[in-house]
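Residues per chain, in single letters:
4 protein chains.
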Amino acid sequence: IAATCALYNLTPTEFSELHTQAVAAKAAAYCPYSHFRVGCVLLTHAGAYIPGANVENASYPVTTCAERVAFGRAITSGHRGFKAVAVATDISPPASPCGMCRQCIREFCEPSVPVVMFDGSGGYSVMRLEELLPMSFGPEALGFPSQA
Amino acid sequence: IAATCALYNLTPTEFSELHTQAVAAKAAAYCPYSHFRVGCVLLTHAGAYIPGANVENASYPVTTCAERVAFGRAITSGHRGFKAVAVATDISPPASPCGMCRQCIREFCEPSVPVVMFDGSGGYSVMRLEELLPMSFGPEALGFPSQA
Amino acid sequence: IAATCALYNLTPTEFSELHTQAVAAKAAAYCPYSHFRVGCVLLTHAGAYIPGANVENASYPVTTCAERVAFGRAITSGHRGFKAVAVATDISPPASPCGMCRQCIREFCEPSVPVVMFDGSGGYSVMRLEELLPMSFGPEALGFPSQA
Amino acid sequence: IAATCALYNLTPTEFSELHTQAVAAKAAAYCPYSHFRVGCVLLTHAGAYIPGANVENASYPVTTCAERVAFGRAITSGHRGFKAVAVATDISPPASPCGMCRQCIREFCEPSVPVVMFDGSGGYSVMRLEELLPMSFGPEALGFPSQA
Ligand SMILES: [Zn+2]
Ligand SMILES: [Zn+2]
Ligand SMILES: [Zn+2]
Ligand SMILES: [Zn+2]
Chain A
1 IAATCALYNL
11 TPTEFSELHT
21 QAVAAKAAAY
31 CPYSHFRVGC
41 VLLTHAGAYI
51 PGANVENASY
61 PVTTCAERVA
71 FGRAITSGHR
81 GFKAVAVATD
91 ISPPASPCGM
101 CRQCIREFCE
111 PSVPVVMFDG
121 SGGYSVMRLE
131 ELLPMSFGPE
141 ALGFPSQA
Chain B
1 IAATCALYNL
11 TPTEFSELHT
21 QAVAAKAAAY
31 CPYSHFRVGC
41 VLLTHAGAYI
51 PGANVENASY
61 PVTTCAERVA
71 FGRAITSGHR
81 GFKAVAVATD
91 ISPPASPCGM
101 CRQCIREFCE
111 PSVPVVMFDG
121 SGGYSVMRLE
131 ELLPMSFGPE
141 ALGFPSQA
Chain C
1 IAATCALYNL
11 TPTEFSELHT
21 QAVAAKAAAY
31 CPYSHFRVGC
41 VLLTHAGAYI
51 PGANVENASY
61 PVTTCAERVA
71 FGRAITSGHR
81 GFKAVAVATD
91 ISPPASPCGM
101 CRQCIREFCE
111 PSVPVVMFDG
121 SGGYSVMRLE
131 ELLPMSFGPE
141 ALGFPSQA
Chain D
1 IAATCALYNL
11 TPTEFSELHT
21 QAVAAKAAAY
31 CPYSHFRVGC
41 VLLTHAGAYI
51 PGANVENASY
61 PVTTCAERVA
71 FGRAITSGHR
81 GFKAVAVATD
91 ISPPASPCGM
101 CRQCIREFCE
111 PSVPVVMFDG
121 SGGYSVMRLE
131 ELLPMSFGPE
141 ALGFPSQA
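These protein sequence lines are chains A, B, C and D, in that order.
Heads up: the first sequence at position 69 corresponds to 69 in my numbering, and the numbers run straight through without jumps.
Heads up: the second sequence at position 96 corresponds to 96 in my numbering, and the numbers run straight through without jumps.
Heads up: the third sequence at position 63 corresponds to 63 in my numbering, and the numbers run straight through without jumps.
Heads up: the fourth sequence at position 38 corresponds to 38 in my numbering, and the numbers run straight through without jumps.
It is possible that some hints are incorrect.
Pairs count within a copy or across copies, as identical chains cannot be separated in the list.
[Unchecked claim] Calculated lysine to any residue pairs in the SDA-like style (CA-CA distance at most 25 Å, straight line):
#	residue 1	residue 2
1	83	31
2	83	35
3	83	28
4	83	32
5	83	23
6	83	34
7	83	135
8	83	19
9	83	13
10	83	134
No lab work stands behind these hints, which were simulated from the structure alone.
Chain A on its own, in the form it takes in the complex (with noise of 0.2 Å):
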């Protein structure tokens, strides 16, 4: 966990966060028809924490994944400049975000963000999103301006 925290740029206090909030988030998560809680946290630089958690329909496709649902929060309170995304499922090896939110992650976040992935058992993996997410569509193929 040290070496990681050097290498990703992220405090033991804040990859402890990730993890308790994570995993915190993850039991809020509505999820009866696929019964797959994830939960999910960002951290922001300015140092706050917003949570998610997936959030299911009848209608498969208007489900909002964990980590759309906390970006979907963060945005609307305000909250700029992402340093971590942590996600936490209970399967090992740790599930990684759909593409779909891989993609959300890329309108708001750096390439070198650190995603990391918390198993059911006290595991993780970090993959930082161009890794996750490499030669990525964003708003520049429509000729905007990154915003992360």
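Keeping the supplied structure of chain A fixed, place chains B, C and D with the ligands upon it in accordance with the hints.
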């Protein structure tokens, strides 16, 4: 407004608060692509107000509308039992929730829940969910109980 | 059926074909997660029938419903001007299009277009788009002309 | 191009056909909101080419990208086993599939499937799915076998 409040079982204070908070929420929209600001606020039977606004994405389908941002936040914060949904936009007549958002409301609200639509010049319309999404698709079609 | 055809300006052959093709389309559904098969067929004023079925995804929000598969295929094949939309499921009473799909129909069809919903035991219901999605959100809200 | 074909196990004719058909598919895009045309074509191991283009909606999240239109059409037409995915846009460097579409490709293709991205001036890039969506989320996370 008095008649509207009586019809939909809202107090004048609640109606006023829905208006104020939906308009305030609108200011937090992230909509560089459509430039179409939408604010939303949910009122629970317990008296809580939960805001949301649209959060767009360079990949348009990854956008989350204001209503779904608000429900994502509300549901994962533990809120259940919604007394009213309000949306605010800058146009007149007022914009209504898109079909995708009506489906989201359907998952968590009674058919009789009022949806208040505020326009950009002080006017409003109100329709119940069962009027906005008649003969709706829901959890029952999949063999699940209603979640509202 | 004769009365239905007269009311919605369909010939008995067209109605029969909508039934047959919607049920046939249902067999092509890819739905390992919901096990809820939906078939759809669109009839154009020019007499073409374009089928679709639901295509799910392990990330539930990436799912495309039957109606949107059919419209995607139709629109990108150059079809415009829809006379009827039909959907078929295995349940009774028949399932209706979800709100997201009603929004898709809204983009490409007149408000009066009939949506025929076939159930799993030979029955059906019909409602016009304007009945399924009253006071709808559409291109006009964004300042665009209707595309229907 | 010869080296590309050798690397990705495509014949020069297949590569040429992917280019021609992806560009042709692009012309069928319905994109009044973004004005960003995307064409897509899928090549199956059986030798079929299935086209798609983006189909937008006034409610942006109801949009279906070109890749998902193509997969919707292909899967519901009974096609399985994809040898290559090609997309074409009008910009240079070429646009890549958004994260949501990478997730769709993930559902139906082997990790090694090549995704050919044609730009607007005769150039192209190729990346395998496993490069575009590393450590991907898929059916296995939900306890389902891979569908590819
Ligand atoms: Zn996701
Ligand atoms: Zn909406
Ligand atoms: Zn649908
Ligand atoms: Zn896409």
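Open item on the list: For a quick check of understanding: which of the numbered hints are violated here, in increasing order?
Closed with: 2 and 6
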